[in-house]
Structure formats: structure tokens, C-alpha cells
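Chemist: If you want the building blocks of each chain, they are given just below.
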Amino acid sequence: MGAENSVCLGIPVKVVELDPSGESGKVDYLGTRVQTGFALLPGIELGDWVIVHAGFAISRLDEEEARETLDLLREIVEKSENDGSFHP
Amino acid sequence: MDLFTHKTAISALLGKIKSLTRSRSSPIRVMEVCGTHTMTVHRYGLKTLLRESGVDMISGPGCPVCITPNEYHEAAIRLVTEREGLILATFGDMTRVPTRTGALQTAVPAPRSAVRVVYSPEESLTLAGKEAGKDVVFFGTGFETTIPSIALMARKARRAGLRNYAVLAALWTIPPPLRAVLESGEVRLSGFLYPGHVSAIIGTAPYEFVAREFGLPGAVAGFEPADILLAILSILEQIEDGRPRVANAYGRVVRPEGNPAARAVMDDILEPADAHWRGLGRIPRSGLILKPDYAGVDAVRKYGLDLAAGSEDLPGCRCGEVLRGVAAPPECRHFAKTCSPDSPRGPCMVSYEGACFVHFKYRDVGYG
Amino acid sequence: MDKVSLELGSGGRTMRDFIARTIVPVLGNPRLRKLLDASHIPGGFAFTTDSYVVDPIFFPGGDIGTLAVNGTANDLVVSGAVPRFISLALILEEGLEWAALEKIIHSIRRAAKRAGVEVATGDTKVVRRGQGDKIYINTSGIGRVIAKPNAAAARLGDRIILTGTLGEHSLAVLLARGDFGLEAKVRSDCAALTFLLPLWKKGAIWMRDITRGGLATILSEMAAETPFPLVIDEEAIPLSKAVRAAAGLLGIDPLYLACEGRAVLLVREKDAARVLAALRKHPLGRRSAVIGRLDDSVGRPGELILRTTAGGLRLLEPLTSELLPRIC
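Protein chains in written order, with our numbering: chain R, 1 to 88; chain Z, 1 to 368; chain E, 1 to 328.
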């Protein structure tokens, strides 16, 4: 209901601005930008996808793993459509 | 189509879960220890769907605002009502936790003092810069996901030589309460859903004792409906093959080694301490406190706060039992009758991650 | 309660309870007891009033002046009346910048023209510096009744249509306050809903504009008045990118965000497609969508049920406590 940054929000966001120090910058999600700290992810680069919590990026998104998870989901959907256990 | 939330994928996952639970005589019982997991399960109506597929979801001690006992809130209230020129900066839900001395939100501040709601720890630091003539105390609580950012504020303040900033921190670590829940034997469990973002920080090794010592399966889960169902599938597979372990169903965000840089920040600024959890009592080395070097930004030392007092929950409040997983919110006789977000009796109904609030806001459809 | 709390003005349950328990019993008359946004009065007129205390007074897409005209005109439209005249009462704080006041008066003129209303009477008061926050406005409106909304006549299968995306007004005001450090391209959705008037004769049996409390609160009111439960399809609810981003980044729930130019309509099943087509032709209704229906296969009368994007069902509650103060 309310706005609470303290909650884990799992959406991956893109790093679009980075200060020379690499410690802060901005992330973008669907065209909205927000100031973020990167002190917990040294070596972050423009274009990286990250998870942000309480104003700090805490983890990089592993795009290979993300693809694998999506593939797994697609596989499960296809299998259920084929073996008739599908009940939308 | 966003597969992570879409009906088609969810339905297929539930079908697969059902095929694995079909032969069992009773539902499997999975505990999650993350307020956002509680929220996802209810907000998407997954709880009922899972129950119909043979899985009972139980909420454990996963809400930091909820497990912070009243002595912290009462100390914060005393700070702002008894000290002049002090700004108590905190998150919105912290201001509404009811204690025997009221809530922060309704406390009458001392002259030139105030309670200010902030939306990030960084904001509290900015506030200290702006209000040079006043003392700012950031009252924050969190698990390992939030702890590094709170620690960073303490470090920034110390390095900048800020004399008017201090942190009143109620910092909790996740693995110890899991052991406490298991050792109590109070709740019968089939497995654990491990918190996604705490694990992004601490990695997967800290949960291994659950599989090794207690033989329980578990999986790290993300926060989309499909993430939770994939993790439950992993737990079922572990039950099937009799090999309990710590599986990672959130590989796109969680590395087995976690986030070393974040842990280095924590190790540098904080040290473990025994802590008293609401509902779970005293758990050894389950909390984190500022190291002696940081005494100048530690509100406990700076203001000589007494947190050992051990305050009690409001009468009739079953928040402690809810946090231990022994009572579900609707089982509390106050739930939705004399305890609601408008007039809460305990933090579980106040915090957006609290089990009672989540049950209240995302109510199950009744069937008469 | 012994002192007024901020929650009293939030538009949620606390406010409704206050009106039902404190105002109505004292002033109680049959018309007031209905607790409608606009009352039908003898002579074929509808009468409404609203006060505007939005902070800040200027925000992307509008200002307190645009709100003051549109909000009152919209209350009349959704009550089945063509807005005709409004009163304009200004309470100004000593020290308010002249340029700001002029800008607001011009906004009022433009908005009145678009809404087809005439400012027929008004009043101006000034209070000392510090005793009012820049400017507060009250507008009362009179309209000519052309339809009688009647949710009690709803039937199974009746459709619920939402005229556009949710929450841009709230988000625009929130960001204009500078609290969150978010940069987003979002403009308030504040607009006159007069384009909905012809729909009263084309199949609409009930309408409400989505203000404080958001869609969830308005639908709860609909559910309380219809004889069958409402089932809403979460996936069908139109959301703009900016609001979806704010939801993801800040944890704000779009279902509770106030709008100032969006409405929800209850339409006969046989008329739904035609109403939708008519709405989508209008610039303010391009994102209109059927978001639900009256359906008793799940749930009981009075219930508002959401079918989530994941396929699960849950009850949708009205707003209880204060979300965002001074949003309109």
C-alpha cells in the first residue's frame, strides 16, 4: 500500500549513470530513474542489470542464469500443455 | 508475456507440484522467513492455490520490524520525547508500532524535536547535513539485505566527522532463528524457502546446517510467483530423492558465495552479539552491533540507552507466536476485529511485511 | 478519538466512518444519508461540493485550479448530471506570490471552458502568513440531471469498464514534492470527464470517478451497492510505464492511487462493446478497458474479488489508513 524502500523488491533495473568514483549513479526501470549507491558492488558498469534494496545495488543480474530460468519455465509450460495436466 | 507472473506458467508449475504431492497423505509444510515472500504468496492468491496443490505455506520470523522487540521502540520514543533538538528519522511503519508507552507516531516530541519519516537510510544522513543545529538519530532495522546500507551510513558519518548523527540499529541475522525454530520442535516442517535477497548477501553456505543437522530440504527463492513455485518444486524433488540440501532457485541473482563486498562492509563496521527477538527470545550471536570504533555514531552508546530492559508485547497480542510459525494470523482472536492496520495491537499488523498485515490486506476469498 | 487525525481526510474507511457516525446523525436528512458525492435536489438538479488542499499547488499536468474545476465537474458527471455552474471560494495565505495566483485563475478559466461550466459566484478570504498553506479552494457545482445512477439494478454479467490508466495524478504530485528522488515522465491525469455524459443513454447504469482511495476503494463502494460480487481481472487493468515503474521501485500499489480524470463505469453486458468503442475514440479514453464483471461463481454479494495475474483469487480491500496526504 505505502511506499517502503525497506521491502525487497526483486525487479532488475539497468545502470544508466555512473559517477567517476563508481560509488553512486542512477538506475532505470521502464524509463523512470532513481539515484542509487553502488558501494556494495565494486566494478559495476554502465548497462549492467542490478537488484536494488534500500537505495543500494546489492547484486548483479546473471543474464545467462536468467535465460536458463526462462527456458525452464517455457519447458514446463510446454510439457504441461502436451501431457494434459494444464488447467488455466 | 511475463512468464514469471503469468497464469499459464503458474498453472503449469502448480500442475507439476500437484503431481509430486498427490501420493502424499498430508500436505507438505514449507516455512518462509522473508516478509516479501509472505507478501508475494498472498498478494497473488498463491496461498490457496498452493494449499489446493498439497503445499501449506507457513510464515516464520521474516519481518525485521516485527521481530524488533518493544524495548527498541520505547528507547526511540524516549529519545524524541525527552531530548530537545533531536530528530528521530525512521521508516513509516516503525512509527506505528504500538508499545506500552504508545507509538512514535503519536509521541509528543520535546521542544525542537521531531519524528521524521524517511524512505532510505541515505536520506537520514542528508537530514543530518541539513539540520546542523540538531541531532539526528536514524532508527533502522533489517536483515542482511539492509544491514550493509545501514552500516555504510555509520561509516560515512564517521568519515565525514559528523557529530550530530547516530544510528539506533536493530540488526538481525537470518540463519540463527532458523536453528531456534528447528530446535524448539514447535512447528512440523517439510522444508524452508530461503530469502532471496538476504541470500544475495550471505550466499547459500550459512543454511547448510539445516540439511546436514536437521535433514530438511530447502531452496533459495526469488520474489515472483514463478520463483516461489520453482523453489517449492525443488524442495519436493529433494524430498523425493531423499537428498536434503540447499538448492538455489534464484541463480540469476544469488551467487553461492553471496556478495563479498557487502559482507566486508559488515565485517568492518559491525560485530555479532546475542540478541533478544520478539517471540523467539534470546538467540546467541543473532544480532549485529556497531564496533567500538563507531561509538560516536552508535545511539546506544551516545545516549546511554538501556535495551536490556526486555519490554513486553501488548496484552493479547500473539505476534510472537505468529513469528514462530505456531499461529497463523486468522487464528488470533483479535485479527481483523480488534486488531487491524487502522488500530494495530502489534507490529505484525503494522509492518507492510508483517504476516498479519499481509493476511489482512490480501484476504482469501471466503466460500460461505 | 479526541483529536482530528490526518487519516480523517484520506478518503478511506476512517473518513467514511466519521461521516456516517458523526456528521450524518447530527445533520441527518434522507438526502445526506445517501452519502453521494453529488445530491439530486428538486427541480432536476444535482448539487455537489469539494475542497482542494493539494500540496504542491503546481505539478506536471495541472495545478490546484484545474483540480478545483474538474473535480467538482466530474462529481456531477458521474452522478448523472451535466455540469453547468460552479462557485469559487478562495482562501489565500498572506504572502502568496501574485504570479502564482494569476496562473491559477487562468487555469481555472481554461478548465471551466473545457468542462463547459460557468463560474457563477465566488468569494475570497485572506488569512495571516502561517495560518493557511498558500491557497485552499472550495468549489460547489450545480448540474442538470440527465440520468439516475442505480447500482442496485445491476445484473449478473454487467461489465466494469475503466476509462484509462491508474494513478498518474498521485504519482505526479508525489514526485513534485521531491520526497523520493525519482525522475519520471509523468503528468497528472486531471481532466474533465464530460465526454462520459452521452454514455448514460448508451448503457452505463452507474459511474464513479477514481479519486482518493483509488480504484480499489471505488470498486468497494460499487460492490456494496450491487446485488452480486464484483470480479476484477488484474491483468486487464491498464497502467502507464511510469506508474508500473513507481510500483516496482517504491512498492506503491497502483490500485490505491488517486486519479483526477479517470472513471469506472458499470455497463450492461450487451452494451459493453459499444461503450468501449465510444470511449476509445476520445483522447481521454484511449486506454479504456473492460476490467471485470458481476459474477457470482466465486464469492458472495458485497465482495470485491481480484483474479491476480498469477490466476489466484483474493479479496480487494478499500483503503483504510492514510496513504498520501493532500493529494487533491
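Keep in mind that the hints were calculated from the coordinates and are not lab data.
This one's a predicted model, so the numbers in the text were calculated from it and none came from an experiment.
Check the hints yourself; a few may be wrong.
27 angstroms max Cα-Cα, derived DSSO-like pairs, lysine-lysine [unchecked claim]:
| no. | chain 1 | residue 1 | chain 2 | residue 2 |
| --- | --- | --- | --- | --- |
| 1 | Z | K337 | Z | K302 |
| 2 | Z | K361 | E | K241 |
| 3 | Z | K337 | Z | K361 |
| 4 | E | K34 | E | K148 |
| 5 | E | K201 | Z | K130 |
| 6 | Z | K302 | Z | K134 |
| 7 | E | K241 | Z | K7 |
| 8 | E | K134 | E | K202 |
| 9 | E | K148 | E | K281 |
| 10 | E | K270 | Z | K337 |
| 11 | Z | K156 | Z | K134 |
| 12 | E | K201 | E | K270 |
| 13 | R | K26 | Z | K302 |
| 14 | Z | K16 | R | K14 |
| 15 | R | K14 | E | K148 |
| 16 | E | K134 | E | K113 |
| 17 | E | K125 | E | K185 |
| 18 | Z | K361 | R | K26 |
| 19 | E | K113 | E | K201 |
| 20 | E | K241 | R | K26 |
| 21 | E | K241 | E | K201 |
| 22 | E | K148 | E | K185 |
| 23 | R | K26 | E | K185 |
| 24 | E | K185 | E | K201 |
| 25 | E | K34 | E | K202 |
| 26 | E | K103 | E | K202 |
| 27 | Z | K134 | Z | K7 |
| 28 | R | K79 | Z | K18 |
| 29 | E | K202 | E | K281 |
| 30 | E | K103 | E | K201 |
| 31 | E | K148 | E | K125 |
| 32 | Z | K130 | R | K79 |
| 33 | E | K148 | E | K134 |
| 34 | R | K14 | E | K125 |
| 35 | Z | K16 | R | K79 |
| 36 | E | K134 | E | K103 |
| 37 | Z | K7 | Z | K18 |
| 38 | E | K103 | E | K3 |
| 39 | Z | K361 | Z | K7 |
Chemist: Would you mind marking each hint as holding or not holding in the structure?
Modeler: Hints and how they fare:
no.: 1; hint: Z:K337 - Z:K302; result: 42 angstroms, violated
no.: 2; hint: Z:K361 - E:K241; result: 25 angstroms, holds
no.: 3; hint: Z:K337 - Z:K361; result: 14 angstroms, holds
no.: 4; hint: E:K34 - E:K148; result: 14 angstroms, holds
no.: 5; hint: E:K201 - Z:K130; result: 58 angstroms, violated
no.: 6; hint: Z:K302 - Z:K134; result: 14 angstroms, holds
no.: 7; hint: E:K241 - Z:K7; result: 21 angstroms, holds
no.: 8; hint: E:K134 - E:K202; result: 43 angstroms, violated
no.: 9; hint: E:K148 - E:K281; result: 25 angstroms, holds
no.: 10; hint: E:K270 - Z:K337; result: 41 angstroms, violated
no.: 11; hint: Z:K156 - Z:K134; result: 18 angstroms, holds
no.: 12; hint: E:K201 - E:K270; result: 13 angstroms, holds
no.: 13; hint: R:K26 - Z:K302; result: 34 angstroms, violated
no.: 14; hint: Z:K16 - R:K14; result: 33 angstroms, violated
no.: 15; hint: R:K14 - E:K148; result: 51 angstroms, violated
no.: 16; hint: E:K134 - E:K113; result: 25 angstroms, holds
no.: 17; hint: E:K125 - E:K185; result: 36 angstroms, violated
no.: 18; hint: Z:K361 - R:K26; result: 32 angstroms, violated
no.: 19; hint: E:K113 - E:K201; result: 24 angstroms, holds
no.: 20; hint: E:K241 - R:K26; result: 18 angstroms, holds
no.: 21; hint: E:K241 - E:K201; result: 34 angstroms, violated
no.: 22; hint: E:K148 - E:K185; result: 39 angstroms, violated
no.: 23; hint: R:K26 - E:K185; result: 15 angstroms, holds
no.: 24; hint: E:K185 - E:K201; result: 37 angstroms, violated
no.: 25; hint: E:K34 - E:K202; result: 25 angstroms, holds
no.: 26; hint: E:K103 - E:K202; result: 38 angstroms, violated
no.: 27; hint: Z:K134 - Z:K7; result: 53 angstroms, violated
no.: 28; hint: R:K79 - Z:K18; result: 14 angstroms, holds
no.: 29; hint: E:K202 - E:K281; result: 15 angstroms, holds
no.: 30; hint: E:K103 - E:K201; result: 37 angstroms, violated
no.: 31; hint: E:K148 - E:K125; result: 36 angstroms, violated
no.: 32; hint: Z:K130 - R:K79; result: 59 angstroms, violated
no.: 33; hint: E:K148 - E:K134; result: 38 angstroms, violated
no.: 34; hint: R:K14 - E:K125; result: 51 angstroms, violated
no.: 35; hint: Z:K16 - R:K79; result: 10 angstroms, holds
no.: 36; hint: E:K134 - E:K103; result: 13 angstroms, holds
no.: 37; hint: Z:K7 - Z:K18; result: 16 angstroms, holds
no.: 38; hint: E:K103 - E:K3; result: 36 angstroms, violated
no.: 39; hint: Z:K361 - Z:K7; result: 22 angstroms, holds
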